[in-house]
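Student: Starting from the given sequences, assemble the full structure and let the hints guide the process.
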Amino acid sequence: MSAPTQTATTVLPDRRAGARGALYVAEHQFRAMLNYRWTIVMVGLGSPLAYLLGIGLGLATLLDAEVGQGPGGPVPYVVFVAPALLASAAVSVATEEFTYTVMSGFKWRRVFWGINATPVEPGQIASGLVLAVAARMAFGGILYYLLILVFGATGSTGLSWLLPLVGVLGGLAFGLPLLAYSASLKDDAGQFAAVQRFVFTPLFLFSGTFYPLETLPSALHWIGWISPLWHASELGRVLSYGAPKPGWLVAVHVLALLALAIGGWLLARRVFTRRLR
Amino acid sequence: MSEPVVHASALTKKYGDFTAVDAIDFEVAPGESFGLLGPNGAGKSTTMRMVGAVSARTGGELRVLGMDPDTHGPQIRAQLGVVPQEDNLDAELKVRDNLIVYGRYFGIPRAVCARRAEELLEFAQLTERAKAKVDDLSGGMKRRLTIARALINDPRVLMLDEPTTGLDPQARHILWDRLFRLKEKGTTLIVTTHYMDEAEQLCDRLVVVDHGRIMAEGSPAELIRTYSSREVVELRFGSDRNAAVAERLDGVGDRIEVLPDRILVYTANGEEVLEHLSRENLHPTTSLVRRSSLEDVFLRLTGRSLIE
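First to last, the sequence lines map onto chains D and S. Following the working numbering, the numbering of the first sequence begins with 168 at its first residue and continues without gaps. Following the working numbering, the numbering of the second sequence begins with 396 at its first residue and continues without gaps.
The set of hints was computed from the structure by calculation and includes no laboratory data. Heads up, some of the hints might be wrong.
[Stated by the list, open to error] Heads up, simulated BS3-like pairs for lysine-lysine below, C-alpha to C-alpha not over 27 Å straight-line:
| no. | chain 1 | residue 1 | chain 2 | residue 2 |
| --- | --- | --- | --- | --- |
| 1 | S | K489 | D | K274 |
| 2 | S | K526 | D | K274 |
| 3 | D | K274 | S | K409 |
| 4 | S | K526 | S | K489 |
[Said to hold, decoys possible] Some chain S residues well away from chain D (every beta-carbon gap over 10 Å; in silico):
| no. | residue |
| --- | --- |
| 5 | S397 |
| 6 | P399 |
| 7 | Y410 |
| 8 | A616 |
| 9 | H671 |
[Unchecked claim] Every beta carbon over 10 Å from chain S, so not counted as near; a handful from chain D, in silico:
| no. | residue |
| --- | --- |
| 10 | L298 |
| 11 | A356 |
| 12 | G414 |
| 13 | L434 |
Note that the Cβ used here is the ideal one computed from N, Cα and C, for glycine as well.
Tutor: If you want it as structure tokens, here you go:
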């Protein structure tokens, strides 16, 4: 047996490999996700089923109050809550993939350091991870949307098919600042569990997921305003059943989500670069 | 004359006030097997990171494959193979998939990656473990897989940072054998190590590094010739007596080094030293005559032992 031949491949010193770096990182992440594909599918199906069944068939029957208003009057509770549930599912993917996966890449498995030695740049490692996670969010969002259709939990605006996209945007608006934070941590001394308990759960409960934000005392409204989940839920409601909102407010929702996502992404790229170089 | 693979002059790396690499000069020629020998913390890994175009230098000049890492990082890295000190294989992927996924980062088509992975698995003697999980491999197998992974892009230079640290003797010899084949084939190797036997096995030429500076440079044989004697006599009289006996050995051999646990007598002829001892009625508990090694060179240059 001899050493491998020098002629099998010729790697040209050009930038092509570098330009596609983020795609290669995403491809790698997908292959890794295949290892827990059943978890992804089961969570993707199980969580919407549980919520839609529990709320649509259970909780809603007990509610007399008119919670959500459409253009032509009140909408069923499950229609009101469905866009928010879909968005929170995407945010929940972010709390997993932009925490433990990042710590694993830098510290536990050190996979990012391996990639770092190739033509791929640190910013592309961050972008590739984001691409893969966004795809997972989109996959979950589409599953969720299909189940929402099965439950008849949309309005008739004709725009409800945009819900998975709003979910991804909400997930990234929450997830990309989290990615920057996770990448800056040298160790997980319980910070990720704290994010889950003290950031995600309160947002899930207090940013207009299950009832309109206005129901809360006005002293608590700020939670909604800073919450990507609230912005995504409200945007989803406008698209799904035409919740009557002023144009400027819809613009604020879109801009807030974009600002958080883009800001978080730029920050994350910087943190990755500083850490790996 | 062909252009050097690496050219460093006054290469410096500082972290705040701490100077990790202190204005070092060296060159690596194509096909050469070049070593950086020194204790932990000498600046070897930092130097490797700068050459590997993943850490910017603070000062001096550095060209790798004729390019400046500051401006041509991706192009340089495209032609390097890097075996890091700590394995960073992806345990979520199978053995073969680790090679394929890694090849993709160099823009190599999937089919080519797959073909090359087979060749490399064979080279790394891992063909039978192709579908195994990385975590089920032994330490030596993981290192071989990491080396195979570093070769996926057919690199012009293979950089190995402490390649055999933590491996048992048998695994080390298998690894050295693999590296030796690459060397024979003409791959340029850059190796850091704190094991003198490894440096002697693998390196045509090496620099001895300590505190971020180059203390000496040459082939293992040249270094030994310049900084040590042909033979060394190791004598143990018991730790409480070593120092006292050493005084009586004044003038014996070329030079005497007193370590806490033993006395080293540097000489061209070890047997003569032993004869002298018995004439003087000095009876060490153990005595050993051996060839001089790089360990002795390091001790001479720094006054310290390589492995504490």
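Student: Decide, hint by hint, whether the structure agrees.
Tutor: Against the structure, the hints come out as follows:
Proposed proximity of K489 (chain S) and K274 (chain D) is supported: the alpha carbons are some 20 Å apart, at most 27 Å. Pair hint K526 (chain S) plus K274 (chain D) holds up; C-alpha atoms about 25 Å apart against a cutoff of 27 Å. Only pairs whose Cα atoms come within 27 Å are accepted, and K274 (chain D) paired with K409 (chain S) is accepted, the gap being roughly 24 Å. For a cut-off of 27 Å, the pair hint linking K526 (chain S) to K489 (chain S) stands: about 6 Å separates their Cα positions.
The beta carbon of S397 (chain S) is kept farther than 10 Å from every beta carbon of chain D, the shortest such distance being approximately 16 Å. With a minimum CB-CB distance of about 17 Å to chain D, P399 (chain S) clears the 10 Å threshold, and the non-interface call stands. The claim that Y410 (chain S) is not at the interface with chain D holds, since no C-beta of that chain comes within 10 Å of its own (minimum 13 Å). The claim that A616 (chain S) lies off the interface holds: its Cβ sits roughly 25 Å from the closest Cβ of chain D, which is beyond the 10 Å cut-off.
With 10 Å as the threshold on Cβ separation, the claim that H671 (chain S) sits away from chain D holds: the shortest Cβ distance comes to roughly 50 Å. At roughly 14 Å, the least C-beta separation between L298 (chain D) and chain S is larger than 10 Å, which holds for a residue marked as non-interface. Every CB of chain S lies more than 10 Å from the CB of A356 (chain D), the least distance being 21 Å, so the non-interface label holds. Here G414 (chain D) stays apart from chain S, with its beta-carbon at least about 45 Å from theirs, past the 10 Å limit.
Separation of L434 (chain D) from chain S is adequate, the least Cβ-Cβ distance of about 21 Å exceeding the 10 Å criterion.
Of the numbered hints given earlier, the model fails none.
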